[in-house]
Structure formats: C-alpha cells, structure tokens
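Student: Chains as they are written, first to last, in the working numbering: chain A, 1 to 157; chain B, 1 to 258.
Be careful, since some hints might not be right.
With a straight-line cut-off of 25 angstroms between C-alpha atoms, the simulated BS3-like cross-links for lysine-lysine are [claimed, not checked]: (1) B/K81 to A/K39; (2) B/K191 to A/K38; (3) B/K56 to A/K38; (4) A/K96 to A/K117; (5) A/K23 to B/K51; (6) A/K37 to B/K56; (7) A/K23 to B/K184; (8) B/K191 to B/K87; (9) A/K49 to A/K69; (10) B/K56 to A/K39; (11) B/K51 to A/K39.
Because the hints were derived from the structure by calculation, they are not lab data.
Everything numeric in this text was worked out from a predicted model, so none of it was measured.
Chain residues, written in single-letter form:
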Amino acid sequence: MSINATLIGQMITFALLVWFTMKYIWPPLFDSLEERKKKISDGLAAAEKGQEEMHLAEKKAKGVLKEAKEQSSEIVNLAQKRANEIVEASKDTAKKEGERLILVAKAQIEQEKQQAKESLRKEVSALALRAAEQILSAEIDKTKHQDLLSKISNQLG
Amino acid sequence: MATEAHAAEGATGYIIHHLTPLTVGEGFWALNLDTLFFSAVLGGLFVWFFKRAAEKATAGVPGLVQNFAEMLIEFVDNQVKDSFHGKNELIAPLALTIFCWVFLWNFMDLFPVDILPLIGSLMGIEYLRVVPSTDLNATFAMSISVFCLIIFYSIKIKGPWGFAKELMFQPFGPWLLPFNLLLKLVEEIAKPISLALRLFGNLYAGELIFILIALLPWYIQPVLSFPWAIFHILIITLQAFIFMVLTIVYLGMAHEDH
Numbered sequence: 001m002s003i004n005a006t007l008i009g010q011m012i013t014f015a016l017l018v019w020f021t022m023k024y025i026w027p028p029l030f031d032s033l034e035e036r037k038k039k040i041s042d043g044l045a046a047a048e049k050g051q052e053e054m055h056l057a058e059k060k061a062k063g064v065l066k067e068a069k070e071q072s073s074e075i076v077n078l079a080q081k082r083a084n085e086i087v088e089a090s091k092d093t094a095k096k097e098g099e100r101l102i103l104v105a106k107a108q109i110e111q112e113k114q115q116a117k118e119s120l121r122k123e124v125s126a127l128a129l130r131a132a133e134q135i136l137s138a139e140i141d142k143t144k145h146q147d148l149l150s151k152i153s154n155q156l157g
Numbered sequence: 001m002a003t004e005a006h007a008a009e010g011a012t013g014y015i016i017h018h019l020t021p022l023t024v025g026e027g028f029w030a031l032n033l034d035t036l037f038f039s040a041v042l043g044g045l046f047v048w049f050f051k052r053a054a055e056k057a058t059a060g061v062p063g064l065v066q067n068f069a070e071m072l073i074e075f076v077d078n079q080v081k082d083s084f085h086g087k088n089e090l091i092a093p094l095a096l097t098i099f100c101w102v103f104l105w106n107f108m109d110l111f112p113v114d115i116l117p118l119i120g121s122l123m124g125i126e127y128l129r130v131v132p133s134t135d136l137n138a139t140f141a142m143s144i145s146v147f148c149l150i151i152f153y154s155i156k157i158k159g160p161w162g163f164a165k166e167l168m169f170q171p172f173g174p175w176l177l178p179f180n181l182l183l184k185l186v187e188e189i190a191k192p193i194s195l196a197l198r199l200f201g202n203l204y205a206g207e208l209i210f211i212l213i214a215l216l217p218w219y220i221q222p223v224l225s226f227p228w229a230i231f232h233i234l235i236i237t238l239q240a241f242i243f244m245v246l247t248i249v250y251l252g253m254a255h256e257d258h
C-alpha cells in the first residue's frame, strides 16, 4: 500500500487522458450538442412562424370568400333584374305582334268579306237577272226593252 | 507486505493476498503493474468509447453510443456550469475524464473478487489487485495532478503576488500573517489529501467487505454480497461524482480573484 513510482506512471496516464479528452472528445461532441440545440430552436421558431402565417392566410381566405359571396349575390341580383327586363320586353313585343297579327287577320277577313260580297252580288244579280228574264221573257221583248234591262243590270252590278 | 503475505495463511492470508499488488522493483521505484495495467486499459476503454461517439457525432438524430456519450457530456457540463463561473477550456474535459475514469476504476470492484486473480494465477501471476482505486498511488496521482492545476491556475489568474497575498493576508488580515499562512497551507494541502483518501478509503473498505463476504460459507454469500453489490453501485458512482465535483469546485476557487 506504500507510495511508489506507480504514482508517477498514473499521473502521466492521467495527463494523457485529459489531454486526449480535451483535444479529440469534448469539442466534437459538445459542438454537435450545441448544433442540435440550435437546430431544434430554429425549428420551433419556424413552426411558430408557419402557424402565424397560416392564421394570416386563413384570415385572408375568409376575406376573399366573403368578397366573392358578395360579388356573386350582386351578380345574381343583376341577372334576375335583367331577366325580368327581358321577360317584360318580350311580353311587350309579343303583345305588339299579336295586335299586328290581329290587324292583319282582320284586314284579310275584310278583304275576303268584300270579295265574297262582290261575288255574291254578281251571282245575286245574275240570279235576279235570270229570274227577271224568266219572268219577263214571256212578256218583255228583249230587244224592246234592251235599255231598261241594261240599266237594271248596271244598277245591280 | 509481500513477505507478510507469504507468511500468513488462512483467512488473513487470503485477505492480504487479495489486497497485495503485483509489484516489480524495490523501494520507491517499485511499480504496481496491476494498477498501471488496469487503469490504462480502462482509460483506453473510455477513450475508445468516447472517440467513437465523437467521430460519428451528428446534430441530427443521435445513435445509441452518441446518445449515451452526450448524456454524460451534458451531465458534466451542467455540473461545471453550476460550480465554475470562469472561462476555461480545460475544466469540462478534465471533469469528464475524472468522472469516467474513476467510475471505471471503481467498477472493477463489482467483478467477483476471486475471478480475475484466479485467471491471473493460471497465467502465473501471483498477486493481482484489480481495482485501481484501492491503490493509494492511483488516487494520489489524480489528486496531486488536480492540486498542481489548482496551484497553476491560482498563480495564472491571480498572479504570483496575488496568490501570495491571498495565502498571507486572508482570512484575518496582515497582522496575523503566520497564522494565516499556516491556515491557508493546511487548507490547500488538505484538498489533494482528502480527495485521494476519500476515494481510496471508500473503495478499499468496499473491496475488503467483498473479500470478507467471500470468506463466508457459500450459502450465506449471496444474501450478503447481493445487497452489498447493489449498494456499491451507488457508492462507486457517488465517489466518482464527488471527485469530479470537488475538482471543479477547487479549480473554481482557484479562478476567483478576491
């Protein structure tokens, strides 16, 4: 148990170990620890920033959505108004067209009525003439009463 | 001591045999080969393990080895930050080396007391004391190295005159100079002695108790050695921790300028 030269050997070993640890072991391990710490804190900061940005984006999106909704309702309103206008306008034109058609039809009817009247008159006059002819043929000489006959015929035509 | 061991037989002989180092040479220049060998092997183990971790160290996801090494590094670094407020690149690696090396020395205590000496005797080695911290040379070598660092930094930080002033004029002022000097010298010298003897005493006593338990009948041994070994896990860690923390504190004191 006595103190001897082992002491010196142990001191040398110890000094070597401490030197080695100081030079090759402590710095890289410690640096990697520090680097990881920095990485983690950076990551946390980035995450926080990202969250904030997300909040902002959400807010923005909400605003845009609201605006879009307003715009669309405006558009719908406009469209409805326009549709009403178109319906009104077409109603108007339809009415006018109908009236015009009625007028045209009426004119045609009138014309046809006139034609029918004309032909009827002609026929009636022809009938009347023939009847008068038949009645008068016995009594009236055609040649004798030529003037009278043509006068009547003219009046009837 | 070796001659005594030859003479004694039975229980005393067994105990003495176990606590006698393998020595070459005579007098002061004798060398305890077992202490030198085991402490060098354990130091190599420490260096190998941490070098491996240091080489593969990344700031990304750490592996198992790196994780363990980092745990120890952080633990030591926290201790240094707690009790040392100067700026010194030596302190933390020094503390790490002391903690790990002393722990590994002490850990040898947990090997069964007979197994390594038995292997040694098969190889023709008569004496083998496997726990380096049961050798005063090992503990004193470390504490004297620390003491040298204390003196070195005291002079470096405070200047030779500042350090001398501290030795002479504190704590009672210049009128009690001899008394101050005596008190301070005792205080300084007590540091390495207490460091070395505390570690040595704890481990020597622990080893002795393991040896005593080994002398008992085999059916009693587990009942005693199992709890003692578990208790010893605490002791070996605690002693390594105390040596490290006191070293940090002493060097911190050396850095404080009054």
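Student: Decide, hint by hint, whether the structure agrees.
Tutor: Against the structure, the hints:
For a cut-off of 25 angstroms, the pair hint linking B/K81 to A/K39 stands: about 22 angstroms separates their Cα positions. Proximity of B/K191 to A/K38 is assessed by CA-CA distance (about 39 angstroms); at most 25 angstroms being required, the pair is judged violated. This hinted pair checks out: B/K56 and A/K38 have alpha carbons roughly 19 angstroms apart, not beyond 25 angstroms. The hinted pair formed by A/K96 and A/K117 fails the criterion: a straight-line CA distance of about 31 angstroms is larger than 25 angstroms.
As the CA atoms of A/K23 and B/K51 are separated by approximately 11 angstroms, the hinted pair is consistent with the 25 angstroms bound. For the suggested pair A/K37 and B/K56, the alpha carbons sit about 17 angstroms apart, so the restraint of at most 25 angstroms is met. At roughly 34 angstroms between alpha-carbon atoms, A/K23 and B/K184 are farther apart than 25 angstroms, so this suggested pair is violated. Annotation: proposed proximity of B/K191 to B/K87 holds, straight-line Cα distance about 22 angstroms (limit 25 angstroms).
Distance hint between A/K49 and A/K69 is unfulfilled; the C-alpha atoms sit about 30 angstroms from each other, more than 25 angstroms. Straight-line distance between C-alpha atoms of B/K56 and A/K39 comes to about 18 angstroms, which keeps the hinted pair within the 25 angstroms bound. The straight-line distance between the Cα atoms of B/K51 and A/K39 is roughly 23 angstroms, inside the 25 angstroms bound, and the hint therefore holds.
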